[in-house]
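J.: Chains P and F, in that order, give the protein sequences. Each residue of the first sequence is one higher than the one before, counting from 1 in the working numbering. Each residue of the second sequence is one higher than the one before, counting from 1001 in the working numbering.
No lab work stands behind these hints: they were computed from the structure. Note that the coordinates shown come from a computational prediction; the quantities given were computed from them, not determined experimentally. A few of these clues could be false.
[As the list claims (entries may be wrong)] Residues of chain F clear of chain P, computed beta-carbon distances all greater than 12 Å:
| no. | residue |
| --- | --- |
| 1 | Val1063 |
| 2 | Val1070 |
| 3 | Ala1077 |
| 4 | Leu1078 |
[Stated by the list, open to error] Simulated restraints, written as ranges between beta carbons of each label pair:
| no. | chain 1 | residue 1 | chain 2 | residue 2 | range |
| --- | --- | --- | --- | --- | --- |
| 5 | F | Val1108 | P | Asp139 | 32 to 40 Å |
| 6 | P | Glu111 | F | Ser1079 | 32 to 40 Å |
| 7 | F | Ala1057 | P | Asp139 | 27 to 35 Å |
We put the beta carbon where it would ideally sit given N, CA and C, even for glycine.
There are 2 protein chains.
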Amino acid sequence: MKGKRTDMGDVQCGIARALQVVGDWWSLLIVREAFKGRRRFSEFQRSLGLARNILSARLRKLVEEGIFTVEPDPDSALSRLYLLTPKGHQLSVALVALWQWGEEHCFVPGELNYAIVDSRKGQPLPKLQLAAQDGQLLDPREFRIVAKDR
Amino acid sequence: MKGKRTDMGDVQCGIARALQVVGDWWSLLIVREAFKGRRRFSEFQRSLGLARNILSARLRKLVEEGIFTVEPDPDSALSRLYLLTPKGHQLSVALVALWQWGEEHCFVPGELNYAIVDSRKGQPLPKLQLAAQDGQLLDPREFRIVAKDR
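Looking at chain P on its own, in the form it has when it is part of the complex (with noise of 0.2 Å):
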């Protein structure tokens, strides 16, 4: 793969240029914990099982990319908060796309005992789906990349 990571986010691709950024395959599972509420570095440790040197460097380089701030904790002077900037939050329409995605297709159903429900009432978020602006739902294969009119 030489050169090729930094190469990519180079081109002019949303999809390239995102997956520099979290697409490692780690990086997506922190966040996902941060939507949970970890915020400490001992919380995701402990629910991602993930080893030190990985999970640090991992969250440097999150934070290096604004995916996460870095507070001081109020409990404790030899811990810090890592919390979810609004760049961070965004990224939950992605992982509720992968979720859904990851749901239908990679369980045998009944298998998956979790649902992905909105917080405010409880009910299972129904299924992202492709719109054109005039709110007409499309076919999965019903879209393309062009060249932007200058």
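Starting from the known structure of chain P, fit chain F onto it as the hints suggest.
T.: Relative to chain P, chain F alone:
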């Protein structure tokens, strides 16, 4: 990371399971190329600039996982076509979500010259947003993962 990839696939999480299938850095870009119309090994290789052995391994895994199906190439006995399955097509929602996040957060304004449009009218896709069952839009933080009632 020893053993972790396999372990994570067993957990009760749609995201972890989805990432086990498409979570390596190149897989989603290969799927993106398929949405652009690439179907042959040589086409994927040319557009991604990826080493043959890496592309070959990734495509094999994506076929095993049911993202692609392989068919004879009507134009050449030496080539085969890699076609997205319905499971593969349905990754488009996650791809569009990643693109839109990347477009908003990983480019400076005016830098990205490409847009995702619907293929019916050619208009930019509106941003995917989380919504509740009654259609009310949710803040990116207004969801949670809960155990299903049994």
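J.: Indicate, hint by hint, whether the structure satisfies it.
T.: How the hints compare with the structure:
At roughly 15 Å from the closest C-beta of chain P, the C-beta of Val1063/F stays outside 12 Å, upholding its exclusion from the interface. Remark: the non-interface label on Val1070/F is consistent with the geometry, its nearest Cβ contact in chain P lying 19 Å away (cut-off 12 Å). The claim that Ala1077/F lies off the interface holds: its Cβ sits roughly 28 Å from the closest Cβ of chain P, which is beyond the 12 Å cut-off. Listed as a non-interface residue, Leu1078/F keeps its Cβ farther than 12 Å from every Cβ of chain P; the least gap is roughly 27 Å.
The hint said 32 to 40 Å for the Cβ distance between Val1108/F and Asp139/P, and at roughly 33 Å that hint holds. Distance hint check: the CB atoms of Glu111/P and Ser1079/F are about 38 Å apart, consistent with the given range 32 to 40 Å. A hinted range of 27 to 35 Å for the beta carbons of Ala1057/F and Asp139/P is consistent with their spacing of about 30 Å.
Figure legend: structure checked against the earlier numbered hints; every hint is met.
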